[in-house]
Structures are given as structure tokens and as C-alpha cells.
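Just so you know, we're using our numbering here: the sequence shown kicks off at 42 and counts up by one.
Note that these hints are calculated values from the structure, not bench results.
Accuracy of the hints is not assured; some may be wrong.
[As the list claims (entries may be wrong)] Below, a list of computed lysine to aspartate or glutamate pairs in the EDC-like style, where the Cα atoms sit at most 20 angstroms apart:
| # | residue 1 | residue 2 |
| --- | --- | --- |
| 1 | Lys160 | Glu81 |
| 2 | Lys85 | Glu158 |
| 3 | Lys85 | Asp192 |
| 4 | Lys160 | Glu256 |
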Amino acid sequence: MVNNNQKCVAIIPARGGSKGIPRKNIRALAGRPLLAWSIEDAQKASGVDGVYVSTDDQEIAETALKHGAEVIRRPSELATDTSSSESALLHALDRIEAGGVVVESVVFLQATSPLREPKHIEEALQIFKQAHADSLVSVCPSHAFLWKEEDGCGIPMNYDPSRRPMRQAMRQYRETGSIYIFRPQLLRATGSRLGGRIALYKMPEECGLDIDSLEDWAIAERVLSEGSRI
């Protein structure tokens with residue numbers, strides 16, 4: 042039974058049609074399904090009142106239920122290769138609120154970030170509240186000099202080559218994809234997870250791994266198997 046007193050809910054989208062690593066959401070990582078790491082992070086995080094998995098896949102749904110999450114069955118048209126995370130989030134939010142839950146904030150977790158810990162979610166929620174933010178994104182420091190190519194020519198994106206800065210002086214951050222927090226009205230008004238007053242949660246780089254390849258998977262497997270995460 043869903044508890045209607047859920048001011049803060051965690052939503053974890055997990056579709057069945059992953060391409061880079063087939064069936065990765067339920068593939069075993071250090072002894073448990075990849076998806077289970079994020080479910081358990083959210084369950085253990087103080088301040089999160091309910092944990093939901095949005096999926097179009099029966100096996101993923103069964104895995105989510107086994108690990109204690111509520112399941113929202115996502116329509117197939119919202120689970121294609123071109124479907125946005127926002128469309129899944131909005132569908133899930135509609136379903137949650139249709140059950141009588143009044144949601145004040147949403148923690149969006151990607152299952153591909155298994156090195157995130159419950160304490161990181163708690164710290165992000167604290168920053169979100171203290172900043173009176175409309176949304177929050179987890180980041181880690183970046184000292185990269187970025188370039189793009191146009192018409193065969195390289196163009197610097199974040200620095201002036203004639204005044205090349207010291208890397209340690211560059212106060213820039215990259216999005217980790219690990220934690221997002223937003224207010225429901227922001228998503229409904231803009232169709233985006235980020236907007237309005239955006240807070241940054243600066244997390245350790247080693248905890249912000251986003252699994253996108255078998256090389257990333259091997260790194261996560263080693264860290265989790267060694268028990269250095271928790």
C-alpha cells in the first residue's frame with residue numbers, strides 16, 4: 042500500500058531496451074542487479090519518503106518489487122530509444138499523484154550511477170532545501186579545456202587560448218547524472234528537470250560514475266566488489 046504522506050519521492054526510470062549493455066538494469070553487478078543499488082540508496086536516504094521505478098519491462102518490474110520499490114508501468118511509447126527521461130518522469134509523477142500522494146519534491150536517480158551512496162542523496166536534499174532551489178544537479182569539478190569543431194576549424198568553448206588559465210584556477214563543474222532534484226511544478230511548467238533557481242551538489246568524482254560502457258562496468262564492479270563504496 043502506498044503511503045500518501047510522501048513529500049519527497051525518488052523516481053528511477055529503467056526501461057528494458059538498453060542498447061550499449063543489453064539488459065544492464067537487471068544485470069548482476071557485484072552480486073546484485075544494477076537497479077537494486079539505486080533502489081537501496083533511495084530507501085536508506087533520510088528525507089526520501091517513497092521509492093518508485095518506472096519501467097516498460099516485466100522482468101525489471103519484478104526486480105524492483107523484489108527490492109522493495111513501488112512500480113509504475115510505463116507505456117511503450119514512452120520507452121523508446123528517443124523517449125526523454127522527462128516524459129517518463131512526468132508520467133510517473135502523474136501516476137503517483139493520481140493515487141492521492143502530494144509531492145513537494147522529486148529525487149530523480151539514474152540506475153547507471155551505482156557508486157552514489159545514501160549520504161550523497163541526503164546531502165543533496167539538504168542543499169536543495171537550504172538554497173530554496175527549484176532544482177538541483179549533482180556535479181564534480183572539471184578542469185578540461187573544451188573545443189568544438191565548425192566548418193573544419195577548432196573553436197574553444199570555455200577559455201581564451203591567448204590567456205590560457207591555470208587548470209586549478211578553473212572553477213567549472215561537469216554534470217555527473219547521478220542525482221537530480223526538482224519541484225513537480227517546474228517539470229510541469231517547463232518540461233525539464235532543471236530550471237529556475239538551480240543548486241549544485243558537488244560530489245566526489247569517484248562517486249559520480251555513470252555506466253555507459255563495459256569499461257565503466259568493470260570499474261564499478263571492482264569498486265563495489267572491494268567494498269570501498271559502503
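We went through each hint and held it up to the structure:
In summary, the hint linking lysine 160 to glutamate 81 is supported, as the alpha carbons are separated by about 12 angstroms, within the 20 angstroms threshold. Annotation: proposed proximity of lysine 85 to glutamate 158 holds, straight-line Cα distance about 9 angstroms (limit 20 angstroms). This hinted pair does not check out: lysine 85 and aspartate 192 have alpha carbons roughly 50 angstroms apart, beyond 20 angstroms. At roughly 26 angstroms between alpha-carbon atoms, lysine 160 and glutamate 256 are farther apart than 20 angstroms, so this suggested pair is violated.
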